[in-house]
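There are 2 protein chains.
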Amino acid sequence: MHQNIIIGSIGTYTPANQINNSFYINHFNSIGVDVSGLLKHLSSETRYIADHNTENVITMAYEAAVKALKSANLDPTEIDLLIFCTDTPEQLTPTNALLLHDKLHTTNANQIFDMNSNCISMLSGLDVASRILSSNSRINKALVVGSFMGSLIASEYDPVCYSTFGDAAVAVILYKTEESYKRGFIDANFKTNTIIKDFYRFPSCGFSQIYNPNIDIEDKKLKSNSFDMSMICKDWIELMSSLCTKYDVDKHSIKQFFLSQFSKPEIEKTLEMMGVELNKYTFIGNKYGYTGLTGPLLAYNEALVNKSIHIGDYIMFCSMGAGYNLCAILYKL
Amino acid sequence: MHQNIIIGSIGTYTPANQINNSFYINHFNSIGVDVSGLLKHLSSETRYIADHNTENVITMAYEAAVKALKSANLDPTEIDLLIFCTDTPEQLTPTNALLLHDKLHTTNANQIFDMNSNCISMLSGLDVASRILSSNSRINKALVVGSFMGSLIASEYDPVCYSTFGDAAVAVILYKTEESYKRGFIDANFKTNTIIKDFYRFPSCGFSQIYNPNIDIEDKKLKSNSFDMSMICKDWIELMSSLCTKYDVDKHSIKQFFLSQFSKPEIEKTLEMMGVELNKYTFIGNKYGYTGLTGPLLAYNEALVNKSIHIGDYIMFCSMGAGYNLCAILYKL
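Order-wise, the sequence lines are chains A and B.
The first sequence: position 279 = 278 (numbering that gives the first Met the number 0), numbered continuously.
The second sequence: position 191 = 190 (numbering that gives the first Met the number 0), numbered continuously.
Among the hints, erroneous ones may be present.
Said to hold, decoys possible - If you want the footprint, here are the derived chain B segments under chain A, 3+ residues with CB under 8 Å:
| id | region |
| --- | --- |
| 1 | 93-105 |
| 2 | 110-123 |
| 3 | 131-139 |
| 4 | 313-323 |
Keep in mind that the hints were calculated from the coordinates and are not lab data.
Here a beta-carbon is modelled for each residue, glycine too, at the ideal position from N, C-alpha and C.
Take the sequences, apply the hints, and build the full model.
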């Protein structure tokens with residue numbers, strides 16, 4: 000018998016307010032910047048932006064979690080572990096996990112915490128939850144939520160972030176099961192390299208200066224610089240290939256790849272360099288914008304809805320967090 | 000043979016600037032509040048406050064981590080996993096973990112992330128690291144750091160937080176070992192109950208309102224209210240007793256208890272209610288103030304320095320995070 004950690008259900012949430020490219024093209028035109036080429040290159044079309052007066056990462060995560068619980072036909076009291084993944088928290092005290100726990104009434108989720116590894120937070124959270132499930136006999140069902148409100152931290156003078164970020168939340172329920180064959184979470188592979196640690200900074204002044212009245216509000220937001228993505232494609236391939244080799248899974252037998260949803264060309268470039276067919280990825284960045292840590296899971300959900308993946312299929316998640324750190328996860332449905 | 004997860008070494012850091020009770024008593028006298036009784040009740044004497052222009056949670060964690068590595072005679076490249084625990088982060092992007100990784104040159108620590116469960120963050124981080132070590136064959140040595148800069152977020156009008164908080168960092172190196180007997184991390188026990196979720200809030204306005212110019216700076220800091228600690232003492236006893244029962248460890252054979260360092264009377268009340276001798280705890284809150292998540296580990300370090308614990312002894316960590324959530328860890332040296 001195998002002890003498997005499987006995704007029991009998934010729920011997603013995007014705010015009601017859909018915004019088209021034209022809004023950002025006009026906004027940046029008014030300050031003399033043309034973002035039309037960038038948006039075309041990234042295949043952006045629409046994104047959804049939260050109402051900052053009524054929504055935050057916790058309310059968004061709640062909507063996603065309610066759907067995931069309903070889809071799994073689970074009562075909130077059946078959850079043992081709750082991990083809240085975000086790099087745009089609403090609170091630091093108490094944790095977003097605790098406030099979500101309160102809203103959801105997950106009264107038996109005694110182990111709860113927030114996690115942040117930027118845009119790989121959701122993949123990291125799934126890895127951590129899987130390790131806890133597999134090594135702690137008290138934990139049988141985990142709720143891992145990811146919530147991103149990039150619209151709150153992006154400076155309206157930052158062409159890349161402001162014009163591409165979309166807000167979204169995703170919730171995944173992981174089960175521990177005993178089955179006669181191996182499936183579910185197979186393994187994760189990480190890489191950290193700090194060479195671009197200064198390219199994305201939030202808050203750019205650091206929290207130790209956040210109350211300094213002499214610092215401009217723009218310097219309290221996210222500061223970003225562009226960098227060459229090609230080195231990342233190579234690292235992604237190395238992480239994914241090494242998982243395939245370790246578990247004797249032919250790369251051609253991976254049914255779908257759910258990569259970072261920032262740039263469609265970079266996904267295609269990665270799969271091309273890897274020698275994988277270009278019909279084996281799901282891209283939702285055109286519809287939802289760049290939704291940070293939620294992207295690979297939103298893509299996975301889309302593939303489930305589209306029925307492009309089925310029980311028994313191998314799939315691969317792979318993404319990148321600021322600084323940078325990378326994570327690839329091999330999973331069997 | 001047993002696979003054990005043991006604390007290989009510990010390093011601590013407190014800033015140079017020591018502040019006595021008299022400073023806080025005078026400060027609050029000037030606004031018509033008397034904190035002398037509170038400080039006497041909590042057994043406070045001194046605390047150390049960081050220089051907000053030259054120090055932050057990352058620089059403090061770095062100092063503690065360098066000591067832990069040196070004490071373990073380890074090269075930074077031997078670390079496989081780096082977890083940065085804090086509820087007063089300096090950055091959200093990139094993570095504090097990534098910036099510490101860069102400063103320390105822990106070039107092989109590919110899996111890194113930030114974690115927050117408020118004042119139990121360091122105990123939660125040790126639990127998570129232990130689960131990863133025990134279930135991931137690639138991970139053999141983990142660095143878990145905790146860093147708290149409460150002085151940054153406390154309002155100078157808040158008698159409890161402003162007068163009791165002290166800044167500090169702690170770093171723990173965990174090893175995976177194969178030994179003929181069971182020791183090290185035995186198990187952790189958690190409890191979450193959200194009945195006081197509104198009693199501590201940071202930022203009190205929520206980050207979704209942090210850039211709102213109409214909100215006063217005081218409402219962007221920590222807001223706190225007092226509550227009855229007696230229910231917490233009962234919960235702590237339940238968590239610790241259930242670990243003792245599960246692993247057949249007599250409570251009298253626990254050599255030392257390292258509890259929340261907020262209040263000496265509450266520690267004594269807990270041990271008294273539990274029926275444990277009052278010479279079995281270490282309190283460092285008098286010297287360091289309330290240093291949040293670092294407290295139980297600073298106390299553990301003090302007990303090592305004082306030689307009040309030895310190889311083969313059982314010890315118990317137990318603390319409380321805002322909202323509230325609790326964690327107890329049973330450990331055998």
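Notebook entry, point to check: Given as covered by chain A, does the region 93-105 of chain B meet the bar of three residues or more with CB within less than 8 Å?
Noted result: Per the Cβ count (7), the hint holds.
Next item on the list: State whether the coverage of the region 313-323 of chain B by chain A holds or is violated, taking the criterion as 3 or more residues with Cβ-Cβ distances under 8 Å.
Entry: holds (count 4)
Note to self: Please verify the coverage claim for the region 110-123 of chain B: does it have three or more residues whose C-beta sits within 8 Å of some C-beta in chain A?
What the structure shows: holds (count 10)
Note to self: Taking beta carbons only, do three or more residues of the region 131-139 of chain B come closer than 8 Å to chain A?
What the structure shows: holds (count 4)
In this structure, every one of the numbered hints holds.
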